[in-house]
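Peer 1: The lines below spell out each chain.
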Amino acid sequence: MKNNKIYRFLTSIRLAIFLLVVIAVLCVLCTLIPQNESQAVYSEKYGEFIASIIQLFGFDHVLSSFWMYLTGMIFAVNLGLCTLARFQWAMACSKKQIRIDAWGSPLLHVGLCLILVGAVLSIGFGRQIYYEIPVGKTAKVSGNSGIFELQVDDFSIEYYEDNISPKQYRSSLTAKSEEKEAVSLITEVNAPAKYDGVTIIQQAYGWQTQITLSSDSASRQIEVKDNEWVTLFGEGEDAVSLGIAFYPDYAEVDGEPRLMSNQDKNPYILWAITKGEIPVASDVLALGESTAIFESLGITFDGYDYYTGLQIKFDPGIPVIFAGFFLVCIGLMIRYVFVKKQSE
Amino acid sequence: MVTLTENLDYLAFILTIMATACMFLQIWLKIKWLPKAGVLLTSAAAVLLLVTVIMRMQKTGSLPVNSVYEFILFFCLVMLVFTVFWLIKVKIYGLSAFTLLVTVILLGVSFSLSDNATPLMPALQSNWRVAHVLTAIISYSAFAVAFGLGICYLLTIPAKIPAGGLPAEKLERGEFLEKLMYNSVIVGFIFLTLLLVTGSIWAEDAWGSWWSWDPKETWALITWIIYAVYLHLHPKKEWRGRKGCYLSVIGFACVLFTLLGVSFLMGGLHSYGV
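Chains as they are written, first to last, in my numbering: chain A, 87 to 430; chain B, 9 to 282.
Please keep in mind that the hints were generated in silico from the structure rather than gathered at the bench. Any given hint could turn out to be false.
Said to hold, decoys possible - Covered stretches of chain B, as calculated for chain A (at least 3 residues, CB under 8 Å):
no., segment
1, 116-129
2, 202-210
3, 228-236
Idealized CB from N, CA, C, for every residue including glycine.
Take these sequences, add in the hints, and give me the full structure.
Peer 2: This is the structure we're talking about:
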């Protein structure tokens with residue numbers, strides 16, 4: 087086997103270096119060329135000819151291009167075989183007496199293999215969904231042993247002294263399922279919660295307002311997020327849309343609305359109505375106030391609450407990747423630090 | 009009113025320029041007192057930067073590495089300390105001249121950046137932050153030393169070996185510079201790996217993704233690959249000497265692009281306080 091030309095080629099350092107350089111070049115291209123844009127964007131930026139070359143070779147989606155997959159696959163084979171060769175070498179070195187320094191390089195390369203395996207597991211079997219759940223509401227989440235309900239009991243923000251910049255934010259949650267007892271969880275930025283094999287990551291938050299639309303004949307309540315537009319009726323150029331900006335602590339300064347702090351001391355909404363793209367009307371409204379936006383349509387600012395942005399993630403690759411990180415670090419230390427001390 | 013204590017970094021910048029001038033002049037003039045003046049000026053600049061960093065630490069209540077400006081200040085402080093250490097230990101004036109030149113350029117760039125001490129955003133409130141940033145600073149400083157040594161080698165050891173071979177003194181000097189450069193790259197590579205590992209573990213908690221192909225991450229990976237190539241090629245004799253030096257220079261160019269180019273041209277998840 088070792089005398090086989092293909093085997094020698096696949097285990098060669100020369101191939102490893104060539105593949106590393108190709109990966110580096112592909113990485114450079116993916117940061118320099120805008121990714122996943124339309125043909126018009128490339129034509130405008132680089133001209134027709136270069137744009138067609140970029141698209142022909144898949145450099146508009148480098149990370150999922152044929153070149154990246156091909157290089158990645160050959161690199162995985164090369165890394166795997168090189169690791170095996172290094173292991174055999176370390177075993178041969180340790181036959182007469184145990185030589186720890188010989189194991190640095192094999193461990194380091196096993197670590198790199200584990201990172202690759204973990205990444206494949208993540209891509210193949212991992213899943214993640216982003217939820218925006220208002221306080222008091224529930225979302226159905228798929229865990230390892232089935233579907234469970236995730237209820238947001240509370241959401242809180244800790245501010246710096248300026249009352250504007252958030253220091254930390256967290257969600258208090260209850261996970262419920264038919265088979266298991268309800269469990270209370272807390273997730274905050276940098277400290278995700280774990281339940282039934284999934285990780286619940288605190289990623290974002292925002293305000294959600296409750297608006298009542300009332301006409302002569304009926305009324306209905308809608309929920310509009312801060313800085314969100316909703317279509318009330320009509321389509322295309324005739325579509326009438328309502329946009330809301332929420333001010334938890336509102337003040338009017340020089341005739342302009344201003345946010346004084348992020349605490350809900352004086353809640354107001356700034357609403358705007360457009361027909362198609364054309365602005366029709368806008369004004370501010372305090373909590374509980376109503377106003378007529380058309381002759382036959384009024385809006386009332388009924389209430390507001392936080393919603394929490396949670397990333398729910400199931401990733402079987404993570405333990406493998408982290409084990410890989412550990413081996414890479416240990417392998418590096420043995421390969422370069424320990425060997426030095428021995429030779430000294 | 010602008011006080012002297014608010015401008016210690018400018019003073020450190022001027023002293024570093026003077027120290028750089030001393031080191032470059034020493035290469036050609038070889039005057040006895042120039043290296044001593046260089047050590048004194050570099051030490052004084054380091055003390056001034058240290059005071060600046062401590063003052064910012066008092067102001068922000070945390071290790072001041074929250075923006076590109078603060079990172080550069082800290083990085084330059086470590087570079088100056090490294091330079092003094094190398095000046096006293098091995099007396100390679102060319103190395104000091106080039107590491108000081110890098111420090112002057114970085115300090116110059118830092119003055120064009122916002123020096124506002126903004127509070128830490130929630131995603132940065134993590135114990136991993138200090139480990140992540142310190143590994144970056146140690147790694148980048150070691151690569152800067154390898155870069156300086158690479159330039160020294162390229163400038164002092166001729167590309168074409170004369171018929172009778174290089175004089176023994178030059179040969180010894182070349183081997184010495186080469187060995188120091190290799191050791192610096194090893195230190196830089198170990199800490200760059202730790203930088204990627206700490207960043208990945210932190211990103212998994214903060215962003216829910218250990219790797220996002222963010223421009224800074226991608227360029228850190230490119231840098232890691234270049235130095236990995238260097239370390240794989242080093243056992244081959246033909247890749248020691250000038251070829252290795254070229255790789256060291258390319259590697260450090262990638263370090264600088266990761267630090268400055270990505271921050272200013274590409275944005276991404278790492279764009280804090282640019």
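Peer 1: Each of the hints needs a verdict: does it hold here or not?
Peer 2: Consistency of the hints with the structure:
1. 116-129: holds (count 4)
2. 202-210: holds (count 5)
3. 228-236: Holds: 5 residues of the segment 228-236 of chain B have a Cβ under 8 Å from chain A.
Of the numbered hints stated above, none is contradicted by the structure.
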